[in-house]
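J.: From just these sequences and the hints, can you work out the full model?
Its first residue numbered 1042, the sequence shown is counted upward by one per residue in my numbering.
Hints in this document: simulated from the structure, not taken from any laboratory.
Zero decoy hints are in this set.
Derived PhoX-like pairs (lysine-lysine); straight-line CA-CA distance at most 25 angstroms:
no., residue 1, residue 2
1, K1076, K1089
2, K1089, K1075
3, K1075, K1095
4, K1076, K1095
Distance windows between CB atoms, simulated:
no., residue 1, residue 2, range
5, Y1122, I1063, 21 to 27 angstroms
6, G1090, Y1122, 18 to 24 angstroms
7, R1104, R1060, 41 to 47 angstroms
8, A1091, R1129, 30 to 36 angstroms
9, R1104, A1061, 35 to 41 angstroms
10, D1043, S1084, 52 to 58 angstroms
11, S1099, E1124, 30 to 36 angstroms
If you're wondering where the values come from, they're calculated on a predicted model, not measured in any experiment.
Glycine is no exception: its CB is placed at the ideal position from the N, C-alpha and C atoms.
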Amino acid sequence: TDQKDLFYAHIGGMDLFARALITADNILQKSDYKKIRTERYASFDAGKGAEFEKGLLSLEDLRNYAAENGEPEVRSGRQEYIENLINRYI
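T.: In structure tokens, the structure reads:
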């Protein structure tokens, strides 16, 4: 491969990486992404979710809990909204 091609490929890759970091920072600093993520995973902040996250419960423990307590309330993960939010910054 031509050395100039390698040089330009490297520069282009580094530019793209830098642009991606700027985009990620903008998403984290200027959008509702952090708030949405916190709301989406709130079940890991207390109770069995927090115990599981800390490694105090196994998957079997969670299965047993689910068998005893039934299905959790179904809530939207807002996937499409999050995808559109991210796309606004790209």
